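2 protein chains.
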Amino acid sequence: MSQRINNFSAGPAVLPVEVLEEAQNSLLDFNGTGIGIMEHSHRGAAFSGVLAQTIADCRKLAEIPDDYQVLFVQGGASSQFFTLPMNFLSEGETADYLVTGAWSKKAVAQAKRFGTAHVASTSEDRNFCYIPETAEYSANPKYVHFTSNNTIFGTQFHKEPETPDGAPLICDASSDIFCRPLDIKKYGMIYAGAQKNLGPSGVTLVVVHDDLVKAGKLDIPEMLQYRTFAENDSCYNTPPTFGIYFMGLVFKWIMKQGGLKEIEIRNQQKSEVLYSYLDNSNLFRATADRGSRSLMNVTFVTGDETIDKRFIEQATAAGFDGLKGHRSVGGMRASLYNAFPPAGVKELVDFMTDFEAKNS
Amino acid sequence: MSQRINNFSAGPAVLPVEVLEEAQNSLLDFNGTGIGIMEHSHRGAAFSGVLAQTIADCRKLAEIPDDYQVLFVQGGASSQFFTLPMNFLSEGETADYLVTGAWSKKAVAQAKRFGTAHVASTSEDRNFCYIPETAEYSANPKYVHFTSNNTIFGTQFHKEPETPDGAPLICDASSDIFCRPLDIKKYGMIYAGAQKNLGPSGVTLVVVHDDLVKAGKLDIPEMLQYRTFAENDSCYNTPPTFGIYFMGLVFKWIMKQGGLKEIEIRNQQKSEVLYSYLDNSNLFRATADRGSRSLMNVTFVTGDETIDKRFIEQATAAGFDGLKGHRSVGGMRASLYNAFPPAGVKELVDFMTDFEAKNS
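Protein chains in written order, with full-length UniProt numbering: chain V, 1 to 360; chain Z, 1 to 360.
Next up, chain V with everything else stripped away, as it sits in the complex (with noise of 0.2 Å):
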């Protein structure tokens, strides 16, 4: 075994070493079939295994109940932005966001393709470096969309918005799903791309409540309804079936930790051990405001860019990899997924900290 170092990338990002291992003893040869997981028919007796098995273990793990769905679909969050209003909004007709970030922004234009969109709150005055506590709400929207974790710019929302009566709450929980518990009765809709916490980048996960299913429209194409993937159990068309069964190898990885709960103390551990470091330093600080940190993805700059690129080139070289931050925030960004070790945040608190002293 070669040695693996700390991998603080954004995404596609850090997974479980024993869900690697995994997966590699399945790729010749899945439980003794003697076809590889990869090469096994969608609609054969194994692969359904595993399509079964990995939906049911994502109910019992955030206690979905039956009125909701669990879909796989492609494209990405990035498809989602432009399906959902296909679906639930047209002409004439207004959708609220709740603008925190890049990735709401890129929501938000999608949706004016289809109808209004009203930015019912934003915190782009100081560049997304905090959660706004209230917002205004249009007279009737047809969903309120939010990004639950911002991943460029350090920021998570720490309890679900307050919505209008009636308006189903849609939610992009790419960067922050199954980081801890959900209450998903609260929610319309909730998808996140796997490739942060949940597995390969190409496969999505819904979790869609009834109403909305039946509610998207029916004179679209049948591979942007949500009702094909629900009525066909995912597989209308061939789904991404590795990334279905990794996702699946990570839903037992986190039961294995305990559940929801108990990861949910790991995250709070894991980047309070960063973010006190943070607080205490003469050198680095966070930039996101302290009510409105994520759990996943740390902000952090020195406030000279010539030092950042210093500390970021020297970590690099000790095997902390992909600490660069994103151009729109500057500095470094260490995300701290479910499958980063709690050992690799302290030994990147014990380099800051040599850092430090050599270059206050």
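Note that these hints are calculated values from the structure, not bench results.
From a predicted model like this one, the values you see are computed outputs, not experimental measurements.
Be aware that a few hints might be false.
[To be verified] Capping the alpha-carbon separation at 16 Å, the derived lysine to aspartate or glutamate pairs in EDC-like fashion look like this: (1) V:Lys-106 / Z:Glu-162; (2) V:Lys-112 / Z:Glu-222; (3) V:Lys-112 / Z:Asp-219; (4) Z:Lys-105 / V:Glu-222; (5) V:Lys-60 / V:Asp-183; (6) Z:Lys-106 / V:Asp-308; (7) Z:Lys-112 / V:Asp-219; (8) V:Lys-256 / V:Glu-22; (9) Z:Lys-186 / Z:Glu-162; (10) V:Lys-105 / Z:Glu-222; (11) V:Lys-346 / V:Glu-272; (12) Z:Lys-261 / Z:Glu-91; (13) Z:Lys-112 / V:Asp-57.
Got chain V sorted already, so can you dock chain Z onto it with the hints?
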């Protein structure tokens, strides 16, 4: 190493053993980076290198000229069925479709959402058991679409259809891409879901001429415009990185086998072993007309459903998996994609010979 069995699945389907082994080695540590292939950022050096190499190898393997783009999209061929007319067909305009099976029909149904779909030829009169030799095109089609290989019915075009001047030829080659050399210059666009000849399901290869990229509509979601993928090296959003990596390994594997010419010879030899047995059998017969037979999917029946059923049961028990034919044809189907080993076909014929002796 456990025993691998003969996998005749129509897709997802058998993949090359040495490619699976290389992928296995990259899951926890790609190329000595200390990070697994699925865990690398799509914008980092490691994956950028994989992407560039995969495109370069695709161009080399299929001799793709510079004025064609090599793109990786999601959603399978089923998503191309609507994306194509959404981009290239408007109300009042006509696109021509050659209808040679279930997939062509699905493509026609999507085109009708956007404009007029003219069926220029069809072989539905004899349950799609042949490829029509002629077509009656409309006056000025925006494009001509055909399905080069029909997985369900075991038929295949053995040369490109002649098309009206100026109408780009668009091909769904999901089930036979790179099974033989092809002259890309005859096409406006070729697309293929990966899960038969190229890799795992969840990534679709699109080879498209620059003129079509430019001709695509601008008033549709960015994620459905080919130019979005062309202008962003398929990385406008996170692409299915593992599928692209895997496809790149398959391109290298085909080149190592001698390239497309050599692969064609091998595919001809493999299918000939089975067709020649079928033509001499007193129990089994091929269902497709001789001149239209597929190199990839060999469909056959005994003419007696009870015997078909018994054959499939006994074959499955003996380690020949995935032989059950599609319900629209019945009987059996042996899919012999590029990665299917020649020895497996001989083993099947031996088994069939034995079965025939016992059941005549």
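Here is how each hint holds up against the structure:
1. V:Lys-106 / Z:Glu-162: violated, 43 Å
2. V:Lys-112 / Z:Glu-222: holds, 13 Å
3. V:Lys-112 / Z:Asp-219: holds, 12 Å
4. Z:Lys-105 / V:Glu-222: holds, 14 Å
5. V:Lys-60 / V:Asp-183: holds, 13 Å
6. Z:Lys-106 / V:Asp-308: violated, 54 Å
7. Z:Lys-112 / V:Asp-219: Holds. Lys-112 of chain Z to Asp-219 of chain V sits at ~12 Å (cutoff 16 Å).
8. V:Lys-256 / V:Glu-22: holds, 14 Å
9. Z:Lys-186 / Z:Glu-162: Holds, at about 10 Å.
10. V:Lys-105 / Z:Glu-222: holds, 14 Å
11. V:Lys-346 / V:Glu-272: holds, 11 Å
12. Z:Lys-261 / Z:Glu-91: violated, 42 Å
13. Z:Lys-112 / V:Asp-57: violated, 40 Å
In the structure shown, a violation is registered for the earlier hints numbered 1, 6, 12 and 13, in ascending order.
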